[in-house]
Amino acid sequence: MPVPQTDLLQGTLDLLILKALALQELHGMGVSRRIAQITGGAFDVKAGSLFPALHRMEQAGWLTSSWGESETNRRAKFYALTKTGKKQLHNESERWERISLAMATALRTA
Amino acid sequence: MISSLRALWNNLFRRKKLDRELDEELQAYLELVSAEKMRQGVSPEDAYRDARRDTGGVEQVKESVRDVRAGVWLDSLARDLRYGVRTLAKNPAFTLVAMATLALGIGANTAMFSLLDQVVLRLLPIRDPERVVIVRETGNHYGNTYGANTISWPMFEDLRDNNQTFSGMFCRFPATVAIGYADRAAQISAELVSGSYFPVLGVGAALGRTIAPDDDAVPDSRRVVVLSYSFWRTYFDGDRSIVGRTINLNSYAMTVIGVAQPGFDGVELGVPAKVFVPIMMKTEMTPRSDGLKDRPRRLSWVTAYGRLKPGVSVQQAEASLQPILHSILEMEALQPEFTGNTTASDRQLFLRNRVELLPGSENELRDDMRKPLWLLLALTGAVLLLACANLANLLLARDTARERQLAVRLAIRAGRARIVCQLLTETLLLSTGGAVVGLALAFLTDLILLRIYLPADAAAEFVVSPIPDVRVLAFVVGAMLLTALVFGLLPALRGSRTEITLSLKDRSGAASAGGISLRRILVGIQVALSLLLLVGAGLFVRTLRNLENLGPGFPTDRLLTFTIDPSLSGYSDGETKSFFERLNVNLQTMPGVASVGFSTMPLLKGYAWQNAILGKDFEGAPIEGQPVLCEVGPDYFATLGIPIVAGRAITAQDDGPVEYKSAVVNETFARKYFPGRNPIGQRFGLVNEMKPVSPDIEVVGVIPDKKYRDLRETPPAQAFFPYFQGAKFRFMNVYLRTQADPRQFENELRERMRQFDSHVPVVGLRTMNEQIGFSLRTERLVASLSAVFGGLATLLAVIGLYGVTAYTVMRRTREIGIRLALGALRSNVIGMVMREVFLLIGAGLVVGFSLALALANLIRSQLFGLNPRDPLTFVGSAIVLALAAGLAGLIPALHASYVDPTTALRNE
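Quick note, the sequences are listed as chains A and B, same order. If you read the first sequence in my numbering, its first letter stands for residue 1, the second for the next number, and so on. If you read the second sequence in my numbering, its first letter stands for residue 1, the second for the next number, and so on.
There's no promise every hint is true.
Have a look at the derived ranges for each label pair, beta carbon to beta carbon [claimed, not checked]:
1) B:Asp128 - A:Asn91: 49 to 55 Å
2) B:Ala440 - A:Asn91: 53 to 59 Å
3) B:Gln27 - A:Lys83: 27 to 33 Å
4) A:Asn91 - B:Asp23: 42 to 48 Å
5) A:Gln37 - B:Gln27: 21 to 27 Å
6) A:Asn91 - B:Ser313: 53 to 59 Å
7) A:Lys83 - B:Leu481: 42 to 48 Å
8) A:Leu101 - B:Leu77: 53 to 59 Å
9) B:Tyr83 - A:Glu94: 21 to 27 Å
10) B:Gln27 - A:Glu94: 34 to 40 Å
For the record, the hints were derived by calculation from the structure and aren't laboratory data. All C-beta atoms, glycine included, are put in the ideal place defined by N, C-alpha and C.
Let the sequences and hints guide you as you build the complete structure.
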């Protein structure tokens, strides 16, 4: 079931984008599709959220971008993780796991 | 960090490229999405449309990407600035009036603050200036005094050697000396300083060294001199080889040992010292007046300074100095020079004298100028307030006119904050423009003020620079920001509150009833403030007129005066005396000169020689105050046109060595010291700082009371002695009664004096009327500036009133049209508009009147010959203001009465 974008927790989108780019560099739509794929279709990130986030993260130095050729043979902008981005992914993942564990424990308690 | 800096750089300076790339990126995204859709079987046309729809508006995406860019606030500021400049340029009349208003307000304030800062506020240019204090003795000193804040040399030594309060003490004495170097002769101001002067002040040398304690240990021993930096630059062209060379001071060869650090011109601000000489050279620098080697305790002449030890407050220091002073006074009270001339009750009063510490930057000029300059700053502050009120009014009017535009922007969901921001940016632009123009105005004003205020020869001496310094700039920027914030924010906030529907629906609606009343209050305040300023101007102008009309009490139209001092050119007592005798004869034979008079003390220059007197007739009863004394030549009274009312004048026969035998006194002197008796033949004596004296000066004549020190004074008790009976001969003030306009003789006189003796320069040659004009310079400054400010204020109030009335009429055009259509007369319309105008003026006047009545007493001491609540001035100012403002209201009223009903009704 798709989750409405407004319900995305603060920071969740950033973490998803980092995760999506962990294995390979992707263009904007690639990131969007990869997120849908790894969340089992729960998140469908729209352009209005995706591109501001990508640009913001690039300015923060987590991502780097380069122009390459897309699968439709078109010039497209590809994003990849920087060293800082990888560190950020690592830290954020740990933080997220702690939070979700805590949340899960809390919710299981009767 | 680096990446975000690079991003900021790119965002600010490579926006076009970024935007192009963003376009391409999004285009690629759309194509990819539609390709995906086509793969899922959607037709190519639908695929692209769906992709666009799913994206949710390409432009919105772009906008939100731009919003996350670093420095986005800078971006919007730049946009606001561009928009602001465009708006202001589109409305040049508004921009011009607003900027001119602000420029006047800020300019006037900057000019006044710059003067106040430099003349009154500034501290000494030394290390920790606030720790340096002047040490003075309060109360009657029972002796001779050279100027305010002075003590005797032995008193200085006692305080210096016995206090635990100061880390160091020094003293100084200002003197005029003749300098000779490379065939050039001039008189310059010098500072005689103790050896501790430079070390305690913490002032170093730019070249060579400063005066050290060693240089000032033994009287007459070290002939050394330190030059001030600016004097070294101007007089010696900054010649670095000057150190070690010899210059002549009062014809004594003195070695230049150094140049003081730049910016330091001695401790008397406004009266810069050109050279510094050890005070042990006193005898050489001030011929025939010593006070140092003979150590008189009844002659105070040095100004003493101390640097407070760390952690010691002024109050603590004063308290700890009192016992030291008291023991000195007790010792002095037993000395014959004190007991010989005083009574037991004098002694009691004397022992109550105390030490008082003043800020080290204090001096007489500052004391005189403090009140007038603060007053003028207060007046300019009121003008700035008025200017701001006008600006606020203009902005309100403009923003009201733009309500519709603002409403449109609100309707398309521009944030209120953004709108306030943008309106503020505009105001800031306006006030920056105003400040820049105002600064230029201030520079010009100060230049002109200094020229008017000071005569040409004094202007060179008086180093007040028209160039504002950092503090003045800070003042301007502060004033500017405050104006922008307060008076821009008010209308801006109102603007952002605009009711969308109301404004869009109907322009003639009652949308801004609140604005009108705010604007009315502003105009009311303007009228009140203008009345205040007009009343002030009236009072000051009438004070000046009173003083000018009254004059000193003798005819001044054909009088020339100058000062001359042969003793500075190395003339001995005998030579000086014969110089004056020959000069007297020489000038009497000058064509066009009716009469020549000499006096040792100058007329109307604000100072005088005062000395306690004694006599057998008033022995035992201490007489309040000391009479004003002067030595004069034979034809002095005749030259000035002062009649002798009893007895005789001083004649050439009143000669004789070293002791005054005869005196002419004025009526106040006679009344005060010989009440109910014929003053002729009465005797008195002058208290001497060195020895007891007996009363053997005989009163030979009486003159009517005339002003002496300045035009404001009630003539004090005065006594005149024959100068040839004096003991010492130094400088002389010469007065020439001419047979025609005195100015035509000035050049001839200069030439005659050069031929008479080229070694002795003529100083301060001017007419008596110029001298009087100079003595009234403070009054003239205050009167002329307050008149200008009053006029400016009235103009601003009139503009404000016109604006608000014209605006009301415009808003009510339809209503007026209906009234006229229904048969109202033009006079009814005029009456309707004018009723409101007069209501506004009336309210303003009432407030202004009460304010003026309440504040009038504050300026009592600045006035002369009239009551601070002078009814004529008050009523006159009110009438002038009411007339001007009434006329300003009448124009739009007349305009309203010519409204054509059909046009008015059709238009709206």
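A quick look at each hint next to the structure:
no.	hint	verdict
1	B:Asp128 - A:Asn91: 49 to 55 Å	holds (53 Å)
2	B:Ala440 - A:Asn91: 53 to 59 Å	holds (58 Å)
3	B:Gln27 - A:Lys83: 27 to 33 Å	holds (31 Å)
4	A:Asn91 - B:Asp23: 42 to 48 Å	violated (34 Å)
5	A:Gln37 - B:Gln27: 21 to 27 Å	holds (24 Å)
6	A:Asn91 - B:Ser313: 53 to 59 Å	holds (57 Å)
7	A:Lys83 - B:Leu481: 42 to 48 Å	holds (45 Å)
8	A:Leu101 - B:Leu77: 53 to 59 Å	violated (46 Å)
9	B:Tyr83 - A:Glu94: 21 to 27 Å	violated (48 Å)
10	B:Gln27 - A:Glu94: 34 to 40 Å	holds (38 Å)
In this structure, the hints that do not hold are numbers 4, 8, 9, in rising order.
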